[in-house]
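> In terms of the UniProt record's numbering, the sequence shown opens at residue 1 and continues consecutively.
In short, the hints are calculated from the structure, not lab data. Since the model is a prediction, treat every value here as computed from it, not as a measurement. Keep in mind that the hints are not guaranteed to be accurate.
In the PhoX-like style, the derived pairs of lysine-lysine whose C-alpha atoms are separated by at most 20 Å in a straight line are [what the hints assert, rightly or not]:
#, residue 1, residue 2
1, LYS50, LYS31
2, LYS118, LYS153
3, LYS207, LYS196
4, LYS64, LYS31
5, LYS194, LYS207
6, LYS196, LYS153
7, LYS153, LYS194
8, LYS196, LYS206
9, LYS206, LYS194
10, LYS31, LYS18
11, LYS153, LYS64
Cβ pair distances, simulated, as ranges [to be verified]:
#, residue 1, residue 2, range
12, LYS50, ASN88, 34 to 40 Å
13, GLU39, ASN82, 24 to 30 Å
14, LYS118, THR22, 31 to 37 Å
15, LYS153, ASP65, 40 to 46 Å
16, ASN82, GLU151, 44 to 50 Å
Even glycine gets a Cβ: it sits at the ideal position worked out from N, Cα and C.
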Amino acid sequence: MIGDNPAARLLHILEEGKQYTTNDNCRSVWKAIFELEDEPDHVLMTRIAKAMELPGQIISILNKDFPNQRETYNYWSERVNNAFFQQNLNSSWHSFISHVDSHTLLYLRLNADLIQTKTPTSLLSVQDLTDVRERVSELLTELLELDLEPEVKEFLARNLQAMLHAIDEYRISGAVPVMDIIERTFGHAFFDDKFKATLSESDFGKKVVETLSIVADTMTIALGVPQLPQAFSFYLEALKNT
């Protein structure tokens, strides 16, 4: 993959799809691409829906930064949208991939390269994602065993679970959703005194800050922005003074 931008992610999905034969079952191919062989169909439908959002995200970036690229994205976006809407999950992979020709991949790759030059990003490795997922999963397991204020526990559990889903969907949605959840989690402390006290005064709260700081540092590598080694320490100091 070229980098962590929506065009690169869509290109990677389509190029992987080209590796399967047109006679393969459409649903089975999608499950293989998204590594969902043992997951129920509703998870697959969620992933496909998120992939369907990528063309709109790409076009929005191109219109803002590269307004002269309309001809290139008009071609591939029409074919990709037709592929998504005309596919039949119960039929063959041909119902999807037949819409994706060589020009579709060529123009999409051009757009991915352009976006990458404007906003350089990096791709996280499988090991990076595995490491941060394990940390968040361990934190969630520990949280569920603790005796905390019910509303604090519910809020943290909901956000940690959402973070796990966002990490699992990284190949489709990138690092931004993970960062959004981290920012939302810490931002909540400015409006909830009980949550603020949990973060700033308890051992578990310190572990939350440490774990989410590590996750944030990992995600900033993908986004091409400066790392945040002390950001949340400063954030906690601000919380204590509010």
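> Is it true that the CA of LYS194 sits at most 20 Å from the CA of LYS207?
Distance ~17 Å between LYS194 and LYS207 Cα, so the pair holds.
> LYS50 and ASN88, beta-carbon distance inside 34 to 40 Å?
violated (20 Å)
> Does LYS194 lie within 20 Å of LYS153 when you go C-alpha to C-alpha?
Status holds; Cα separation ~11 Å.
> Does LYS194 sit within 20 Å of LYS206, going by the straight-line distance between their CA atoms?
With a Cα-Cα distance of about 15 Å, the restraint between LYS206 and LYS194 holds, given a limit of 20 Å.
> Quick one, are LYS64 and LYS31 close enough, alpha carbons at most 20 Å?
violated (34 Å)
> Is the hinted range of 31 to 37 Å satisfied by the C-beta distance from LYS118 to THR22?
At roughly 35 Å between Cβ atoms, THR22 and LYS118 fall inside 31 to 37 Å, so the hint holds.
> Check whether the Cα positions of LYS31 and LYS18 lie no farther apart than 20 Å.
holds (14 Å)
> Given the hint that LYS118 pairs with LYS153, does the C-alpha gap stay at or below 20 Å?
Violated, at about 41 Å.
> LYS207 and LYS196 were given as a pair; does the straight-line alpha-carbon distance stay at or below 20 Å?
At roughly 14 Å apart (the allowed maximum being 20 Å), LYS196 and LYS207 satisfy the hint.
> Holds or violated: are the alpha carbons of LYS196 and LYS206 at most 20 Å from each other?
It holds: about 11 Å lies between the C-alpha atoms, which stays within 20 Å.
> Has the hinted range 24 to 30 Å been met by the Cβ atoms of GLU39 and ASN82?
At 27 Å between Cβs, range holds.
> Taking the CB of LYS153 and the CB of ASP65, does the distance hold inside 40 to 46 Å?
holds (43 Å)
Hints 2, 4, 11, 12 from the earlier list are contradicted by this structure; the remaining hints agree with it.
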